[in-house]
Amino acid sequence: VHDGYESFTDLSLNPSLNINDTTTRTSQQPCPIGFWCSAGIPSPCANNSYANLSIPLDRRTSQDAACVSCRANSSTTGSGHHSVAACDCNPGFYRDSLNASNCQRCPTPGSNCSTAGVTLGGLPLLPGYWRFSRASTDVRRCPDASKKAGSGCTGVAETPCRLGLDGPYCTLCETTNVSMYYSPGESE
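111 is the number of the first residue of the sequence shown in my numbering; add one for each residue after it.
Note that these hints are calculated values from the structure, not bench results. Think of the CB as a built atom: it goes at the ideal place given N, C-alpha and C, for glycine as much as any other residue. One should not assume that every hint holds.
Said to hold, decoys possible - FRET-style restraints, in silico, Cβ to Cβ: (1) Arg244 to Pro201: 17 to 27 Å; (2) Gly188 to Gly232: 47 to 57 Å; (3) Asp248 to Ser164: 34 to 44 Å.
Please build the complete structure, drawing on both the sequences and the hints.
What follows is the structure in structure tokens.
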């Protein structure tokens, strides 16, 4: 192994040659990113792991030497990954943007982390729940969560309040929408 390339004997040039024949031509092939190589044969990093790119290619000769397991509460889809970003948080957990490799338990009650790969910014909430910002883990039940007409809090990360509502717990009128107004007789 030299400079990240594995030398191997190309028997396809002359199939009658055996592996011990010193007249066989050698070629250099890079060990692909996300793989480890032994005897010129690339093998992908296994499920729930990724290639440690800080290890020089010429030292990636085994799964243990070349690949790093995903952290607790995360996993990959498939094999051959080359970055910790391939380790998605498992259902019930979210990736904290401040520490991108750690998965935290989703806040309860109020969050809906039923799928893998949830991030803090896109933390899904149940209808009737609200949080101050997309960077907050402080999930609160809206005061109107039990209203028959439905809560002003949608639970959707991109649009946390129903149309025309804004502010804490979605209880304020949106000031940019001049076509709507507050009417005490029509409000609960």
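To see whether the hints hold, each was checked on the structure:
| no. | hint | verdict |
| --- | --- | --- |
| 1 | Arg244 to Pro201: 17 to 27 Å | holds, 20 Å |
| 2 | Gly188 to Gly232: 47 to 57 Å | violated, 22 Å |
| 3 | Asp248 to Ser164: 34 to 44 Å | holds, 36 Å |
Comparing the model with each numbered hint stated earlier shows that hint 2 is the single one that does not hold.
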